[in-house]
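Input sequences plus hints: build the corresponding full structure.
Going line by line, the protein sequences match chains A and B. Residues in the first sequence are numbered consecutively from 4, following the numbering used here. Residues in the second sequence are numbered consecutively from 3, following the numbering used here.
Derived by calculation from the structure, the hints in this document are not laboratory data. Note that the structure is predicted; figures quoted are calculated from it, not measured. Treat each hint with caution, since some may be false.
Unchecked claim - From the structure, some residues in chain B lie toward chain A, with a derived Cβ separation under 7 Å:
hint	residue
1	Pro8
2	Leu20
3	Gln44
4	Leu48
5	Gly49
6	Thr50
7	Leu56
8	Asp60
9	Leu110
10	Thr113
11	Pro146
12	Glu150
No residue lacks a Cβ here, since even glycine has one placed at the ideal position from N, Cα and C.
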Amino acid sequence: MSTRIDVHHVTRVEGHGNIVVEVADGKMTECRFDVVETPRFFEAMLRGRPYEEASHITSRICGICATGHATTSLRASEKALGIQPSEQTVLLRKLSFHGEILDSHVLHVYMLIAPDFLGVGSVIPLAKSHPEVVLRALRMKKLAGDICAAVTGRHTHPIAMTVGGFTHFPKGKELEELRKRLVASREDVDATVELSATLPWPQFERDTEYVSLHRTDEYAFIDGDIVSTDGAQVPAEDYRQVTNEYLVPHSSAKWTRNRRDSLMVGALARFNNNYSQLHPRAKAAATALGIQPKITNPYLNTAAQVVEIVHCVEDAIVVIDQLLERGVRPEEPVAPTKAAGEGVGVCEVPRGLLIHHYWIGEDGKISGANCIIPTNQNIANLEADMQSLVPQIVEKPAKDMQLDLEMLVRAYDPCISCSVHLAKLERS
Amino acid sequence: MSTGKPARTLVIGIGNPLQSDDGLGVQASLMLENENLPAHVQVEELGTPGWGLLARMDGWPRVYVIDAVQMGQPPGTWQRFNQDEVSLVSQSGPVSLHEAGLAESLELANTLGIMPEEFVLYGVEPAVIEPGENLSPAVLQALPGLVEHIVEDLWKGT
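Right, here's the structure in full:
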């Protein structure tokens, strides 16, 4: 007797990915996660363009990580050109990052994951059965979007972020208003933790190498060393020592591995590596959710996202207080100290480690670019999880197996449309 | 349509300018910003907002959206859909090219009862949806007429 699960275009993940699993006589004979998105040639798009345009181009790659791509791009150019951003710029970027992480995690937890647990096929029936849950998600999303817009000058795709600083500055009144809304949102945040604590996360363990940024001074989202639970620690510039990209025939995205056959990036990796730097309220949320590092159940990536929702709301309040105390003043972007160079920008975007590596020529144009996106780094690990999970659930009816596998894919929060870049497949 | 103060109106351009004609809504909204518009109108390009569209529409009594829509018409053809017509289209399949799409966003807004009092979609048939930063000649040619029509609609307050 054989069972074949062939899920084309797993729903509720960004982009397109296929699950292919075949079981014959109780044994797994095939298990793959195919990525079939059309490659997006954004590295090629960057080549020959003035570096000032790079953040605007790359922020269009994705409507979810727009600020993340823009910031990583700016950091790459700034490092290449010897620019040290001001303290105010660092604070403003941090605030917009918190807005984006919050926005993305709320989307994932409520619109993409909750329907699985609440027994409905998508967010539309969820809105019928639990309208208050969906309205809460939208309230939080709106606040997150408004934070990004106040700092970056526009909703979805930032316009005011530039190499060396900002071209638009939030007014004190706007920040005070956002602070009030953040404080008021604690009710929604607490409700999110409560809801998540009731969800029956599937039981499945597979240890892997968890990779994230790490800073000595704070829970890292922008800049830092690349570290792992297996003891790796390299400066951003040496990212290739950790990512080791390679190609496989059934995927148009590049895969990565370091000390094991696969590695995992994202909220769970950050949680495992940087737990001690979370805000106390976020740690309390982790306790309420029953998670402490090191977590090796990939389904709990979503729970780690809930912890980060709490952290980002709380730290956004802290950052606003710092900005209000020092006062936000319009300032000119910091000028380059050299005309040409090479630089690596690293950030922790909602789905994990994002790397932009640029080469800028004397003419101020980008002569080469390499972008490594979180989902790329996770695909090998996702497939390894599937291969470990299938034998454990092989007795289940095909429909239940399929749901377990789809939920696993969704737990990674993959953004496949973004993960595909310039993969050259050579078949012999 | 009514007397008194006109409803505050948000005009949103949607799409990805890195995907050729998919970015036509963004281009149209940039063109609109250079037009003489009534004071109660705000124009914004939202790029690819996904579900963020819902959060953005919140609090606006009237919302106009400009987007690339596959209607099976010759490229560059544009059509104005009012709220009822949009929901009809969304039931028969995705009207929009965006993954966390316009159709789903509107369906969710309808389900939750949070649609703006008035919603209008200006859909334009795209010719080319692939990586690239230029609009096709058919779409480029169509946009000025569309923009002119939207400006008229905004002044009429329809």
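Checked hints:
Because the closest C-beta pair between Pro8/B and chain A is about 23 Å apart, greater than 7 Å, the hint is violated. The criterion of a C-beta within 7 Å of any C-beta in chain A is met by Leu20/B, whose closest approach is roughly 5 Å, and the hint holds. Look at Gln44/B: its Cβ only gets to about 11 Å from chain A, farther than 7 Å, so that hint breaks. At a threshold of 7 Å, the smallest CB-CB gap from Leu48/B to chain A is about 5 Å, leaving the interface hint in force.
Hint status for Gly49/B relative to chain A: holds, with the closest Cβ pair at about 4 Å, below 7 Å. With 7 Å as the threshold, the beta carbon of Thr50/B comes within range of chain A, its nearest partner Cβ sitting at about 3 Å, so the hint holds. The restraint placing Leu56/B at the interface with chain A holds, with a minimum CB-CB distance near 6 Å, inside the 7 Å limit. Evaluation of the Asp60/B hint against chain A yields a held restraint, the C-beta minimum of about 6 Å falling below 7 Å.
Here the hint on Leu110/B is kept, as its CB sits about 6 Å from the closest CB of chain A, short of 7 Å. Given hint, Thr113/B at the interface with chain A, holds; its Cβ is 4 Å from that chain's nearest Cβ, closer than 7 Å. Given the 7 Å rule on beta carbons, the hint for Pro146/B is violated: about 24 Å separates it from the nearest Cβ of chain A. At about 25 Å, the closest approach between the beta carbon of Glu150/B and any beta carbon in chain A exceeds 7 Å, and the interface hint on this residue is violated.
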